[in-house]
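> Next come the chains, spelled out residue by residue.
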Amino acid sequence: MQLTLFWIFSSLMIAFGLGVVTLRSPISCAMCLVSSFICLAAVFVTLDAFFIAIVQVLVAAGAVMVLFLFIIMLLNLQAEECRRVKLGVMLGGTVVVLSFVVLLSQALESSPQFSKPIPVLMAPSQDVSMIGMTLFHSFNLPFQIVGVLLLVATVGVVLLSRRTLR
Amino acid sequence: MTTLSHYLMASGLLFSLGLAGVMLRRNILIIFMCLEMMLSAVNLSLVAFSRYGIVNGIQNYDAQVLVFFIITVAAAEVAVGLAIIVALFRSRQTTHSEDLNAMKF
Chain H
1 MQLTLFWIFS
11 SLMIAFGLGV
21 VTLRSPISCA
31 MCLVSSFICL
41 AAVFVTLDAF
51 FIAIVQVLVA
61 AGAVMVLFLF
71 IIMLLNLQAE
81 ECRRVKLGVM
91 LGGTVVVLSF
101 VVLLSQALES
111 SPQFSKPIPV
121 LMAPSQDVSM
131 IGMTLFHSFN
141 LPFQIVGVLL
151 LVATVGVVLL
161 SRRTLR
Chain V
167 MTTLSHYLMA
177 SGLLFSLGLA
187 GVMLRRNILI
197 IFMCLEMMLS
207 AVNLSLVAFS
217 RYGIVNGIQN
227 YDAQVLVFFI
237 ITVAAAEVAV
247 GLAIIVALFR
257 SRQTTHSEDL
267 NAMKF
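Note that the protein sequences, when read in sequence, are chains H and V.
Using my numbering, the letters of the first sequence correspond one by one to residues 1 to 166.
Using my numbering, the letters of the second sequence correspond one by one to residues 167 to 271.
Here chain V stands alone, though its shape is the one from the complex (with noise of 0.2 Å):
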């Protein structure tokens, strides 16, 4: 039988390895890609909630709700990010993170 651990902890492993990939890897796109990852894991445990936390003998819709501005905020996101991306490659032709560093201390 599945319980709520198991979707907590798979949500949880997924967002931890979103996790390391922004502290490991050094391509701006690719952390990008690791914060989407993050992204989704919180969505799996808000959708797990939904389905556990059951009212009336249906499940909370207003954590499917949340999980569908999430997902939309996130492609808004995405949208600014990846134009941000573009626009410092022109500027700089690179896309990795330890060249960016005008503004490192």
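Pulled out of the complex, with its shape left as it was, chain H reads as follows (with noise of 0.2 Å):
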């Protein structure tokens, strides 16, 4: 069951993923990334992160992609011309990609411990409650100075956005 719910999603988010590098409209593209991060969150509840998923969907394919739909829009961005490919870039890249790909999958194959079956869970999953306990006992520093970054963020952008920048 695990197994094929993973490979239906982790397929079809590989696959909007592509349609994000390769479409030419942006909007089709941010499109693309708000289904590529729900199947990434389909993928979590495979691997029993459900609030984890949850957030995904909430911040990542919501809020995010929200803002990103809105600023295409207010640029009122057309579909890219066709401009000259500059070759050495494109061959670059596909090396650097391809290498990356082919070395991962060399160093997945050279060790056991990859290929572990999934563990049992001993107690019925309590994601929520787990990760607050962790968040506010273990991480509490680094959650007060997100809570700071975020502050900043904002600030930030208020500023940027004004009309004349000095």
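A portion of the hints provided could be inaccurate.
What the hints assert, rightly or not - Per label pair, the in silico range of CB-to-CB distance: (1) V:R256 with H:P142: 32 to 40 Å; (2) H:I145 with V:D265: 24 to 32 Å; (3) V:S257 with H:A107: 40 to 48 Å; (4) H:V146 with V:G219: 19 to 27 Å.
To be verified - These stretches of chain V come out as covered by chain H in the derived footprint (C-beta under 8 Å, 3 or more residues): (5) 171-184; (6) 200-209; (7) 233-245.
Calculated from the structure, these hints are not laboratory results.
Here a beta-carbon is modelled for each residue, glycine too, at the ideal position from N, C-alpha and C.
Hints are included, so try docking the two chains, each in its own frame, into the full complex.
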């Protein structure tokens, strides 16, 4: 069951990711990215990470992508016109990406610890309470710092979007 | 049976797609979307490690808290980055990365 769900949603996720890289119109790219994020949330569910899956749908697929679509429509971007592709850039990019994938697959085959079956959970999953406990006990200081970071980001956005930058 | 290498391979493929997008695309908004994709690929590998690196019969929740932080920082980064792109578009009327060559060597 888990294997089937994993194959369905991870292949959908990769396919939509391919759409983001290849499609010309920014709106289609953004919609592909939303679908890719939702499939990623489904893959999180197959890993029993329910809270992270919900956060992924709400924040990444919801808030962030709405921001992207809003900016695309604000700037009134049309489909990218075809320009002459630089052969060196294309070739270099493809070589780097392919060598990354080949190296990763070799590294995953090299050690038996990556091919263990999935371990059985002892207790029923209590995702939200356990994440809350970890967040507020072990990671309290980073949590406060992230709060300050969000405040600084908000102030920065307000400053950047003023009409005259001084 | 799904193994850790299945998840790591899916995460690696998503990451390399994002990397390809960053290097091959010319629209800064799409480059930015591909950056988001790379961040979520990293999240997938962290959640997979949390599920497979089990402690006392429950998942390792430190990794999931780290994923939570990554999502938060990514949201802040998107807000600031899109504000910069809008400011850039106001002054240059373009989002094509080859037209932005004022700082090019």
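> Does each hint hold? Answer for all of them.
Comparing the hints with the structure gives:
1. Between R256 (chain V) and P142 (chain H) the beta carbons are some 35 Å apart, a value that agrees with the proposed interval 32 to 40 Å.
2. Between I145 (chain H) and D265 (chain V) the Cβ separation comes to about 37 Å, which falls outside the hinted range of 24 to 32 Å.
3. The supplied range of 40 to 48 Å is met by S257 (chain V) and A107 (chain H), whose beta-carbon atoms lie about 45 Å from each other.
4. Between V146 (chain H) and G219 (chain V), the C-beta spacing of about 24 Å keeps the proposed range 19 to 27 Å intact.
5. With 13 residues having a beta carbon nearer than 8 Å to a beta carbon of chain H, the segment 171-184 of chain V meets the requirement of three or more and the stated coverage holds.
6. A stretch counts as covered by a chain when three or more of its residues have a beta carbon under 8 Å from one of that chain; for the segment 200-209 of chain V and chain H the count is 5, and the coverage holds.
7. Chain H is given as covering the segment 233-245 of chain V, and this holds because 12 residues of the stretch bring a CB closer than 8 Å to a CB of that chain, at least three being needed.
When the structure is compared with the earlier hints, a violation turns up for hint 2 alone.
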